[in-house]
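K.L.:
One letter stands for each residue in the lines below.
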Amino acid sequence: MNQLFAPELWIGVVPLLPLLAAFWIAVGQVGGWNRGESGERETRQVTTVTTALALLLLLVIDMRALLTDFESQIVVAQWLVSSPFRILLSFTADTLGLLMGTLVATISLITLRFSVNYLHREVGYQRFFMLLSLFTSAMLLIVLAGNPGLLFVGWEMAGISSYLLIAYNYSREPATKNATYALVANRLGDAGLLAGIFFATLWVGSIEWPDLLQSEALEQLSGLHLGLIGAAFLLAAFVKSAQVPFSPWISRALEGPTPSSAIFYGSLMVHAGVYLVIRLQPLIEQSQPLSLLLFLVGGTTALYGYLTGLVQTDVKSALIFSTLTQVGLMFVSCGLGWYDLATAYLLLHAIWRSWQFLTAPSFMHQMDQPTRPAHHWLRPLQRLYAAAMNRFWLDSLSHWLLIRPTQRLAKDLHIFDADVVRPIIGVSNKIHSISSLEAWEKQSCEIESSRTDVPPGSGLFGALLQHLADGFVWIEQHLILKGGGEGLIDTIKAWGTFITRVEQQLSMPRYLLLMIMATFVVIL
Amino acid sequence: MPLLTLLLLTPIFGAGWILVQRGSYQRHSAILFSAATLLIAVGILLQFDPHNTTLQFSESVVWNARMGTSYAVGIDGIALAMVLLATLLVFVAILASGAIQERSRSYYALILFLESAMIGVFIAQDWALFYVFWEMTLIPLFFLIDRWGGQRRSMAALNFVLYTMGGSVFMLISLLVLFDAMPDHSFSMIAMAETARSLPPSTQLFLFLGFLLGFGVKMPIFPLHGWLPLAHVEAPAPISILLSGILLKMGAYGLIRAASILPDAVIQLQTPLMVLALLGLIYGGLLAWRQSDLKAMVAYSSVSHMGVVLFGISTFNIAGLTGAVFQMVAHGLVAGALFLLIGLLYQRTHTRNINDYRSLIRHTPRFALFTSLALFGAIGIPGTAGFIAEFHAIVGGFERWGWITIFLSLGVMISASYALRTIGVLFTGPSSNRMAQIQDLNKSEFSGAALLIFLMLWLGLFPAQTLELLNLSIQQINPVVELHTSLLTAVEPTASLGASSP
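Residue numbers (this note's numbering), protein chains in the order written: chain A, 1 to 524; chain B, 1001 to 1502.
Read the hints as simulated data drawn from the structure, not as lab findings.
It is possible that part of the hints are untrue.
Stated by the list, open to error - Example chain A residues on the side facing chain B (calculated, C-beta under 7 Å, incomplete):
hint, residue
1, G36
2, V332
3, L336
4, D340
5, L468
6, W474
7, E476
8, I480
9, I489
10, L512
Think of the CB as a built atom: it goes at the ideal place given N, C-alpha and C, for glycine as much as any other residue.
Start from the sequences and build out the full structure, keeping to the hints where you can.
P.N.:
What follows is the structure in structure tokens.
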């Protein structure tokens, strides 16, 4: 009985609370009782209270963890089972998870409180709070999940809600474009995460964190398998943390209403990758190449962020590139094996960076002298300066390598579809040019009014059937109807006329005489 | 009183009553008598024991001892299904005859006379009696088409009678040859069956070809269908219902009976029958696709659907024969409903050209609903009776013919193309004032159409009882089933298909 009231067993409620808030606001919007300015009060109360409750619950569990020693892997239920594949609804309440969870809940709560005034009387106030709650829930799920399967749920929720947050001002074209860019870039990482889950299921069996990361299981893996699992997870981490070469999405993600969403990318989501790496520490430590990869990517990003950040002229960009530098350094320290340092670094940096983002709008008012020009040592190095100004052309690189070929392929396929496939299956290309029901009715009227026959078959198959049917119609008309039934009646009529004529001739006296004479001739 | 004789005499009595009746209540009397006949048929269904392999409700009175003929009637599962279909469709046809105003006395008397003859065909257990009833259907139909038909009605009526009688001649020759071979000179179906099965295969083949010509004209089998488009198009709407709903089934029914007495001949002819069936299936479907005349479209679709029946017979296994008989029932309901609805539409607009219609759903929603459902039934969408039939035919066909069965599916696809086109043209598109003048279905038309569509859906959703009714009788058709032991497994999908009901 006592077990049931142990607070750590309620850990599943922590990510659920903000999710319920988001759901509640959405229902209210549909139902129409919290719309407009009058609904702002209820909206902010619901979100703030649920996030505060989540934080409170986490703090209670933190206290328990400090005082007692409980089993850190908490299985709530079985989520899905498909013979060898099994995902549990489980949570990991170890030191790392609880630390990260508390951090996420705290920053979320502060940001929410900040947004209450910042977004007052904005259009889409409720929508923004709903998305913030969704995002909070997603981040809590990422850091508390007991296996990568459940983590993936949070990972995706974070991706979707960030997409919607970036496109908050969806009537502006850059906003929607950047949102799509960020979403598509994040999908790359999702693919890595899915591949990691797949490989882990295939080669390790269980994907619960403790089972996956225990040293006996890892030692049994061959180097290649270990490397593949690790590389897949690292890909996810690199994308989520915007490491080179996946960096451009994060600068585009700053499109959302400042500074609230900036906090989410700048101080929460960007650290999700680092969290994943720290979580995977036993796995990565087994493989030298993975550590080296971490070190190289982190180092490159740190340099990239540093150089690019130097030449930025607006505060948000400068902050985000500086964030990249710090996150890169965290990866470097992980690569060197200093995971505890990275953890501490992460916590401190997240808090510091949130403060910076929150105060960013007021920098303008605090400035009493013009912005500082680029460092004096950079000024003579013209090429490096230009490269930094262009953010090392990463944007154009992805454009050249990925977007342009995809677009060209899509265009070619479209042409193939229009010129080859559609004519064969007999679907008109015209349908695209009709924009309204009225236009369609007008067009179909024109076709219908001039027609007395049924419409012909369309497409290759239709044309084939058309020819066959025309042949059949000919057979039917000429052979079966005219030649059969009607022909039969015509023949009977013709015979009838002939016999009638013979009969008439026979009844004439001269033929009668002839007949009688003929009869006599025969008899004689 | 024996129920089958009562069933046979009720419509005749009704016809006589209408002829002598004073006043203008012919329509009411006709509805009453056809409803009474339907009720008797339902009563027979309730007393019928589906687990009894022998004929039920048998009656036999010697008619002409010297000729060996007798008045012998009896009923099995297949005949019962056909009798129910016939009595139901006559009832619906009379309900839909509201527009017949001139000479209605003789019209209703002829329909009831026709009903009696059709029931006689299905319950006769003596080939001579069968032949008498078979020819008796021609007389009322000739007058019904010739006097109440469309513009080319006399041509159509003459054509129909000539074709059918031409076919009957061959059937008669076969019957007489068979009679001649009988040791005790009797026309009794059971006795003839025993003799026929003992004949040498070449004689059996010759006899079966005669039956095939006789029944094939009525069914119709390609290329003997020359009478059908004209007769269906020119006949008044209620008579079209009977023509395509029951008259065609008489042909198929006769063919199944002939197949049961001459199994060796069927086994020799399986391949040509299959080819004819698939040819008719696709030929009829494509011609239906090319028709702008709605009635002609349904008429040709009947050729196509009867191809499924012949295909089922040609497989000569349990599943295929079940499909054939089920398709007879399903097509009776679907074609009856379609001719009913399109005939009613014609009464209102006097045009059968599909291009003259559009957007009917706005003004005649009930009509649109029933027509769409009937057309879906014609395609054989799951949930309609046609699906059960086509499914069995495909299972049986696949067992016997393998991949050739794909042509059956092709025929189904063609029927989908014209059915969906018809729905699209009739019911969608921009509205026009002319369409707004069209009245929706009235009460008696609504109840007739609803009855047919309801049964079509009922048989499609709960086919188990009907399958059980037919099952034993179908096993009786094919006495050589032991030869093909593998075919016995075909009973399993049949039974499990509608396993929901006990």
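K.L.:
Does each hint hold? Answer for all of them.
P.N.:
Evaluation of the provided hints:
1. G36: Status violated, d = 39 Å.
2. V332: Cβ of V332(A) sits 63 Å from chain B, so the hint is violated.
3. L336: Because about 65 Å separates L336(A) from the closest Cβ in chain B, which is outside the 7 Å limit, the hint is violated.
4. D340: violated (64 Å)
5. L468: holds (6 Å)
6. W474: violated (11 Å)
7. E476: holds (6 Å)
8. I480: holds (5 Å)
9. I489: Nearest chain B Cβ about 6 Å off; hint holds.
10. L512: With Cβ-Cβ at 34 Å, over 7 Å, it is violated.
Hints 1, 2, 3, 4, 6 and 10 from the earlier list are contradicted by this structure; the remaining hints agree with it.
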